[in-house]
Amino acid sequence: MEYIIKNGNVFDPANNINGEKIDICISNGKIVEAVKDSAKVIDASNKIVMPGGVDLHTHIAGGKVNLGRLLRPEDSKDFYESKVGNKRSGSGFSVPSTFMTGYQYARMGYTTAMEAAMPPIMAKHTHEEFLDTPLLDKGAYDLLGNNWFVMEYLKEGNLDECAAFVAWLIRVTKGYAIKIVNPGGTEAWGWGGNVQGINDPVPYFDITGAEIIKGLGKVNEMIGLPHSIHLHCNDLGQPGNYETTLKSFDLLKNIEANPKYGERDTSLHATHVQFHSYGGTSWRDFESEAPAIADYVNKNDHIVIDVGQVTLDETTTMTADGPMEYDLHKLTGFKWANVDIELETGSGVVPFIYSPKSPVSGVQWAIGMELFLLTNDVNKVVLTTDHPNAGPFIRYPTVIAWLLSNKYRTDLIENSLHPWVQKKTSVATIDREYSLYEIAQTTRSAAAKVLGLSETKGHLGVGADADIAIYSFDPETQDPSTEYHAIEEAFARAKYVFKDGEIIVKDGEVVKPEGYGRTFWIDSQYDSELENKVVEDVKIKFKKYYSINFDSYRVHDEYIRKSSPIKLS
Amino acid sequence: MELVKDVPCPFCGTLCDDIIVKVEDNEIIGTINACRIGHSKFMDHKSATRYTKPLIRKNGSLVEVDMDEAIDKTAEILANSKRPLLFGWSSTECEAMGIGVNLAEELKGVIDNTATVCHGPSLLAVQDTGYPVSTLGEVKNRADVVIYWGCNPFHAHPRHIGRHVFSRGFFRNRGRSDRTVIVVDPRKSDTAKLADIHLQVDSGRDYELLDALRSVMNGHEIPYETVAGIPRDTIYQAVDILGKAQFGILFFGMGITMTAGKNRNIDAGICTIQELNQFAKYTLIPMRGHYNVNGFNQVCTWQTGYPFCVDFATGYPRYNPGESGSNDLLQNKEADSMMVVGSDPGAHFPQKALERMAEIPVIAIEPHRTPTTELADIIIPPAFVGVETEGTAYRMDSIPIRMKKLVETDLLSDKEIMEKILERTKEFIASK
Ligand code: SF4
Ligand SMILES: [Zn+2]
Numbered sequence: 063m064e065y066i067i068k069n070g071n072v073f074d075p076a077n078n079i080n081g082e083k084i085d086i087c088i089s090n091g092k093i094v095e096a097v098k099d100s101a102k103v104i105d106a107s108n109k110i111v112m113p114g115g116v117d118l119h120t121h122i123a124g125g126k127v128n129l130g131r132l133l134r135p136e137d138s139k140d141f142y143e144s145k146v147g148n149k150r151s152g153s154g155f156s157v158p159s160t161f162m163t164g165y166q167y168a169r170m171g172y173t174t175a176m177e178a179a180m181p182p183i184m185a186k187h188t189h190e191e192f193l194d195t196p197l198l199d200k201g202a203y204d205l206l207g208n209n210w211f212v213m214e215y216l217k218e219g220n221l222d223e224c225a226a227f228v229a230w231l232i233r234v235t236k237g238y239a240i241k242i243v244n245p246g247g248t249e250a251w252g253w254g255g256n257v258q259g260i261n262d263p264v265p266y267f268d269i270t271g272a273e274i275i276k277g278l279g280k281v282n283e284m285i286g287l288p289h290s291i292h293l294h295c296n297d298l299g300q301p302g303n304y305e306t307t308l309k310s311f312d313l314l315k316n317i318e319a320n321p322k323y324g325e326r327d328t329s330l331h332a333t334h335v336q337f338h339s340y341g342g343t344s345w346r347d348f349e350s351e352a353p354a355i356a357d358y359v360n361k362n363d364h365i366v367i368d369v370g371q372v373t374l375d376e377t378t379t380m381t382a383d384g385p386m387e388y389d390l391h392k393l394t395g396f397k398w399a400n401v402d403i404e405l406e407t408g409s410g411v412v413p414f415i416y417s418p419k420s421p422v423s424g425v426q427w428a429i430g431m432e433l434f435l436l437t438n439d440v441n442k443v444v445l446t447t448d449h450p451n452a453g454p455f456i457r458y459p460t461v462i463a464w465l466l467s468n469k470y471r472t473d474l475i476e477n478s479l480h481p482w483v484q485k486k487t488s489v490a491t492i493d494r495e496y497s498l499y500e501i502a503q504t505t506r507s508a509a510a511k512v513l514g515l516s517e518t519k520g521h522l523g524v525g526a527d528a529d530i531a532i533y534s535f536d537p538e539t540q541d542p543s544t545e546y547h548a549i550e551e552a553f554a555r556a557k558y559v560f561k562d563g564e565i566i567v568k569d570g571e572v573v574k575p576e577g578y579g580r581t582f583w584i585d586s587q588y589d590s591e592l593e594n595k596v597v598e599d600v601k602i603k604f605k606k607y608y609s610i611n612f613d614s615y616r617v618h619d620e621y622i623r624k625s626s627p628i629k630l631s
Numbered sequence: 193m194e195l196v197k198d199v200p201c202p203f204c205g206t207l208c209d210d211i212i213v214k215v216e217d218n219e220i221i222g223t224i225n226a227c228r229i230g231h232s233k234f235m236d237h238k239s240a241t242r243y244t245k246p247l248i249r250k251n252g253s254l255v256e257v258d259m260d261e262a263i264d265k266t267a268e269i270l271a272n273s274k275r276p277l278l279f280g281w282s283s284t285e286c287e288a289m290g291i292g293v294n295l296a297e298e299l300k301g302v303i304d305n306t307a308t309v310c311h312g313p314s315l316l317a318v319q320d321t322g323y324p325v326s327t328l329g330e331v332k333n334r335a336d337v338v339i340y341w342g343c344n345p346f347h348a349h350p351r352h353i354g355r356h357v358f359s360r361g362f363f364r365n366r367g368r369s370d371r372t373v374i375v376v377d378p379r380k381s382d383t384a385k386l387a388d389i390h391l392q393v394d395s396g397r398d399y400e401l402l403d404a405l406r407s408v409m410n411g412h413e414i415p416y417e418t419v420a421g422i423p424r425d426t427i428y429q430a431v432d433i434l435g436k437a438q439f440g441i442l443f444f445g446m447g448i449t450m451t452a453g454k455n456r457n458i459d460a461g462i463c464t465i466q467e468l469n470q471f472a473k474y475t476l477i478p479m480r481g482h483y484n485v486n487g488f489n490q491v492c493t494w495q496t497g498y499p500f501c502v503d504f505a506t507g508y509p510r511y512n513p514g515e516s517g518s519n520d521l522l523q524n525k526e527a528d529s530m531m532v533v534g535s536d537p538g539a540h541f542p543q544k545a546l547e548r549m550a551e552i553p554v555i556a557i558e559p560h561r562t563p564t565t566e567l568a569d570i571i572i573p574p575a576f577v578g579v580e581t582e583g584t585a586y587r588m589d590s591i592p593i594r595m596k597k598l599v600e601t602d603l604l605s606d607k608e609i610m611e612k613i614l615e616r617t618k619e620f621i622a623s624k
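Top line first, the protein sequences correspond to chains A and B. Taking our numbering, I'd label the letters of the first sequence as residues 63 to 631. Taking our numbering, I'd label the letters of the second sequence as residues 193 to 624.
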């Protein structure tokens with residue numbers, strides 16, 4: 063089927079298109095130069111046209127996500143969808159079930175979402191849930207920052223072996239990127255401990271967070287992965303942690319980006335930086351250090367961040383940062399789930415309530431906003447809520463509206479949030495408002511580029527996948543700065559969403575629920591001879607220390623329905 | 193003869209994946225590494241009590257029919273029911289389960305699994321209290337204190353102890369002698385005989401013992417000579433050991449989930465483990481019985497948001513254990529048809545539930561003659577997962593394992609059968 067989208071106000075930052083009326087032609091799932099006269103016309107006059115949204119950090123599939131669902135029936139009780147035709151039912155506010163996850167993203171015009179934490183030994187679980195997650199293109203990051211093999215190679219300075227191992231592991235688990243979570247800290251949590259900062263040696267392994275981050279940063283570029291290392295820094299959520307954050311950022315400063323696929327030019331993606339921008343020494347004198355973090359990002363070109371914006375909801379926190387979740391359980395008294403995973407990682411799940419009236423939650427909200435608004439170049443700051451950690455992804459339209467409207471923010475600060483927001487942060491003094499062009503950057507083009515997917519994602523140029531969102535908001539006659547509820551509603555329920563050239567959403571409803579997107583994964587080998595040697599070594603240790611057989615480790619082809627391997631040569 | 197290596201065993205929740213199976217002329221003639229029960233499960237695939245053709249009860253006796261007729265009749269019964277119950281799902285693979293959930297949704301019926309009669313209370317306790325767990329490799333590599341509460345792995349999970357507890361691990365390179373084993377069981381079970389400490393708790397008084405342990409852990413003294421049949425000093429001694437551990441693990445089974453207190457016992461058990469984390473690292477693992485009973489809870493949770501007892505009557509998933517559980521529905525005479533997949537409620541359900549099963553149409557997707565098939569009106573024999581067909585299973589610690597196909601069969605897999613039933617059911621519903 064061919065389509066032509068006419069008269070829309072197109073926002074396509076990757077191609078420098080800022081609200082111009084350009085016709086978009088679609089044929090065979092791709093954006094093309096021209097279509098035949100028989101192409102179906104979609105009238106987008108008085109509407110916004112953008113590439114499909116790209117979420118580069120979300121938790122939607124896998125063991126810990128499912129543990130979040132299992133742990134919290136109360137999250138599902140009043141938030142559900144019914145079966146309609148082929149559209150499956152589902153439930154869950156902060157942790158929706160799989161089918162519902164696909165539908166909800168699609169309704170907002172999001173067409174790509176990356177699962178940010180996959181324990182390699184549990185990779186099949188993540189991929190099994192992907193099989194039941196419709197409509198989206200997706201991929202998953204392998205957790206490697208506490209992996210015993212990685213720590214040993216890096217400790218010995220065997221970077222080549224480490225690269226061979228990592229490339230092999232990502233390939234056999236059908237992963238997409240290197241994820242580092244609280245490097246060294248989660249291993250320490252195996253004994254109930256943690257590490258403080260980046261220079262605290264890991265028990266037994268005697269390596270520091272700094273060495274792990276830097277080592278994997280190098281390994282990433284030796285392999286030439288499309289995405290940079292994806293770092294969740296040490297000390298998450300602790301007052302005063304911004305110093306650790308800045309030190310961690312600086313470790314990658316002199317590492318050259320070397321992707322063998324894509325256009326990434328940065329060596330570090332730092333995730334949910336909101337949780338890592340805290341000053342003070344305790345919750346009593348806790349304050350924002352977001353300006354210092356944004357200043358660093360403004361002055362350095364090796365880094366992209368995503369925010370992890372707090373949305374002021376009751377939600378479910380879930381992370382591979384096991385010790386952090388235990389601390390949260392101790393702090394709140396809320397129920398606590400935890401999974402320690404042999405030789406690799408751990409994770410924790412704890413419900414959390416970000417109450418607007420709570421001083422800490424308010425300041426966290428403000429820090430996120432500061433990071434967005436104080437970062438000059440929006441190509442460096444990607445919109446996330448670290449779903450569901452700082453809030454569920456269904457709140458993205460609200461976050462977008464906050465960014466577009468100073469008035470919306472001011473109303474919230476004046477009328478709903480705790481006075482600490484004005485005392486401990488600068489948010490009330492910032493009147494910057496994002497343009498729709500910048501919204502398209504933070505939710506589309508910036509994310510696609512740092513993922514290495516900008517050839518086909520995050521833009522509307524010829525050759526791109528025809529993933530397109532059309533929103534009912536007229537930028538020529540409506541002003542998002544004042545009509546923020548209208549823009550929020552428009553982004554919550556897209557008028558049309560195209561996925562690979564097919565209409566999957568119309569008038570905010572899913573019309574093609576059986577649609578199924580690709581799974582991106584990295585098919586690479588660092589050095590085949592070295593890999594053989596490394597794998598032989600891995601097999602020996604596997605027998606001794608893993609509880610499954612080596613043969614059970616890999617992810618079989620059956621677990622991928624629409625495979626999209628990226629081969630690195 | 194061919195030796196197939198690295199085969200997962202489709203029997204118990206230990207899900208050993210290191211079995212070597214001897215195959216000759218499309219038949220399994222032996223195994224290496226499997227325990228006695230695992231071995232017989234592999235050998236069973238050609239047993240005399242195995243069904244090879246679909247059967248329908250006509251005028252009281254079972255007659256062979258072709259697959260289309262069996263599927264057709266199944267779909268008709270389900271589609272014409274007001275409250276169909278799809279039950280079982282502990283001994284099949286995850287894809288079949290996923291289609292089962294889809295079928296339940298299509299029927300506006302109820303789907304439930306065998307957890308309802310084993311670890312269901314654990315699931316409820318998890319939802320109340322939390323779930324601090326670890327994988328079995330963590331136990332092998334780190335654990336210096338191992339507690340078995342209300343379970344007897346020596347018989348129920350025969351290779352569990354050898355593989356994960358008595359074996360050497362990275363930080364426990366002497367294996368057994370690096371670990372203190374505590375068994376809590378009213379009986380002198382064979383597992384208890386291997387223990388360093390056996391707390392022979394009075395039957396049904398686990399909650400009291402947990403309470404006493406927690407009191408002592410939190411600095412209180414016990415004013416009684418004995419609690420739940422255990423002398424005070426023994427409790428002090430146990431707490432002393434627990435407190436001095438580096439990494440402790442609690443394995444628990446039906447001896448505590450299904451005795452007096454049920455989910456309240458597990459609540460207390462989980463709280464104990466959470467509180468022990470003040471002193472050392474502590475986690476727990478439920479000793480799940482069948483090899484993929486956990487898999488159903490996983491699939492059902494990711495598709496619906498809930499692990500079992502899921503009711504689609506309103507068109508969306510609702511969860512109301514105590515009302516939407518299979519035993520509730522049967523005993524209240526609500527369920528008016530029942531499909532059983534990969535389990536044997538006929539052998540495990542209470543009499544009142546069985547009486548209802550005898551009254552309503554029962555469809556069994558089941559390879560063997562069992563007490564359930566005795567009650568069934570339709571029997572559809574599937575291929576054996578892990579022997580004749582592939583699929584995914586989740587071990588007791590939630591590590592997914594790929595089950596293997598070792599021999600050829602003409603029989604359809606559970607997944608294929610479910611697909612056919614789903615398709616046919618949709619047609620019936622559409623034509624109504
Ligand atoms: S312990 Fe369980 S899984 Fe292992 S061989 Fe025996 S029956 Fe099979
Ligand atoms: Zn995250």
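Honestly, the hints are just simulated from the structure, not real lab data. This structure is a prediction, so every number in the text was calculated from the model and none was measured. Hints are supplied without guarantee of correctness; some may be wrong.
[To be verified] Only some residues are given here: those of chain A computed to face chain B with a beta carbon under 10 Å:
#1 D85
#2 C87
#3 N128
#4 L193
#5 D194
#6 E620
[As the list claims (entries may be wrong)] Simulated crosslink set (DSS-like; lysine-lysine; CA at most 27 Å straight-line):
#7 K454(B) <-> K274(B)
#8 K197(B) <-> K601(A)
#9 K145(A) <-> K624(B)
#10 K618(B) <-> K624(A)
#11 K300(B) <-> K601(A)
#12 K250(B) <-> K265(B)
#13 K618(B) <-> K574(A)
#14 K149(A) <-> K274(B)
#15 K618(B) <-> K149(A)
#16 K605(A) <-> K214(B)
#17 K265(B) <-> K145(A)
#18 K436(B) <-> K624(A)
#19 K139(A) <-> K274(B)
#20 K612(B) <-> K624(A)
#21 K92(A) <-> K68(A)
#22 K605(A) <-> K629(A)
#23 K618(B) <-> K274(B)
#24 K629(A) <-> K280(A)
#25 K197(B) <-> K145(A)
#26 K300(B) <-> K149(A)
#27 K595(A) <-> K197(B)
#28 K392(A) <-> K612(B)
#29 K149(A) <-> K102(A)
#30 K280(A) <-> K315(A)
#31 K606(A) <-> K454(B)
#32 K139(A) <-> K525(B)
#33 K300(B) <-> K574(A)
#34 K624(B) <-> K574(A)
#35 K605(A) <-> K197(B)
#36 K597(B) <-> K605(A)
A virtual CB, placed ideally from N, CA and C, is assigned to each residue, including glycine.
Here is how each hint holds up against the structure:
Because the closest C-beta pair between D85(A) and chain B is about 40 Å apart, greater than 10 Å, the hint is violated. At a threshold of 10 Å, the smallest CB-CB gap from C87(A) to chain B is about 37 Å, leaving the interface hint violated. Checking N128(A) against chain B: minimum C-beta separation of about 5 Å stays under 10 Å; hint holds. Interface hint status for L193(A): upheld, as the beta-carbon distance to the closest one in chain B is roughly 8 Å, under 10 Å.
For D194(A), the shortest C-beta to C-beta distance to chain B is roughly 6 Å, which falls under 10 Å, so the interface hint holds. Using the Cβ-Cβ criterion of 10 Å, the hint placing E620(A) at the interface with chain B is satisfied: the shortest such distance is roughly 7 Å. Annotation: proposed proximity of K454(B) to K274(B) is violated, straight-line Cα distance about 31 Å (limit 27 Å). Distance restraint check for K197(B) and K601(A): the Cα-Cα separation of roughly 15 Å lies within the 27 Å cut-off, and the hinted pair is therefore satisfied.
Note on K145(A) and K624(B): the hinted pairing holds, with a Cα-Cα distance of about 18 Å set against a maximum of 27 Å. Distance hint between K618(B) and K624(A) is fulfilled; the C-alpha atoms sit about 26 Å from each other, no more than 27 Å. A hinted pair counts as satisfied when its Cα atoms are at most 27 Å apart, and K300(B) with K601(A) does not qualify at roughly 48 Å. At roughly 12 Å between alpha-carbon atoms, K250(B) and K265(B) fall within 27 Å of each other, so this suggested pair holds.
The hinted pair formed by K618(B) and K574(A) meets the criterion: a straight-line CA distance of about 18 Å does not exceed 27 Å. A C-alpha spacing of about 22 Å is found between K149(A) and K274(B), which places the hinted pair at or below 27 Å, so the restraint holds. Pair hint K618(B) plus K149(A) holds up; C-alpha atoms about 14 Å apart against a cutoff of 27 Å. Only pairs whose Cα atoms come within 27 Å are accepted, and K605(A) paired with K214(B) is accepted, the gap being roughly 22 Å.
Under the criterion of a C-alpha separation no larger than 27 Å, the hint pairing K265(B) with K145(A) is consistent with the structure, at around 25 Å. With a C-alpha separation of about 51 Å, the suggested pairing of K436(B) with K624(A) is violated against the 27 Å cut-off. Pair hint K139(A) plus K274(B) holds up; C-alpha atoms about 23 Å apart against a cutoff of 27 Å. Between K612(B) and K624(A) the alpha-carbon distance is near 23 Å, which keeps this suggested pair within the 27 Å criterion.
A hinted pair counts as satisfied when its Cα atoms are at most 27 Å apart, and K92(A) with K68(A) qualifies at roughly 16 Å. Of the pairs offered as hints, the one joining K605(A) and K629(A) is violated, with about 30 Å between alpha carbons and a cut-off of 27 Å exceeded. A threshold of 27 Å between alpha carbons decides the hint, and for K618(B) with K274(B) the separation of about 15 Å falls inside it, so the pair holds. The straight-line distance between the Cα atoms of K629(A) and K280(A) is roughly 20 Å, inside the 27 Å bound, and the hint therefore holds.
Between K197(B) and K145(A), the direct Cα distance comes to roughly 43 Å. Violation of the 27 Å bound is thereby established for this hinted pair. For the hint linking K300(B) to K149(A), the alpha-carbon distance of about 14 Å falls within 27 Å, and the restraint holds. For a cut-off of 27 Å, the pair hint linking K595(A) to K197(B) stands: about 22 Å separates their Cα positions. Our distance criterion of 27 Å between C-alpha atoms is broken by K392(A) and K612(B), whose separation comes to about 50 Å.
Straight-line distance between C-alpha atoms of K149(A) and K102(A) comes to about 25 Å, which keeps the hinted pair within the 27 Å bound. The straight-line distance between the Cα atoms of K280(A) and K315(A) is roughly 11 Å, inside the 27 Å bound, and the hint therefore holds. Distance check on the hinted pair: K606(A) and K454(B) sit about 37 Å apart at the alpha-carbon level, beyond 27 Å; violated. The suggested pairing of K139(A) with K525(B) holds, with an alpha-carbon distance near 26 Å, which does not exceed 27 Å.
Restraint check: the Cα-Cα separation between K300(B) and K574(A) comes to about 22 Å, which is no more than 27 Å; the hinted pair holds. With a C-alpha separation of about 25 Å, the suggested pairing of K624(B) with K574(A) holds against the 27 Å cut-off. Between K605(A) and K197(B) the CA atoms are separated by roughly 14 Å; this keeps the pair inside 27 Å, and the hint holds. For the hint linking K597(B) to K605(A), the alpha-carbon distance of about 23 Å falls within 27 Å, and the restraint holds.
Figure legend: structure checked against the earlier numbered hints; hints not met, in rising order: 1, 2, 7, 11, 18, 22, 25, 28 and 31.
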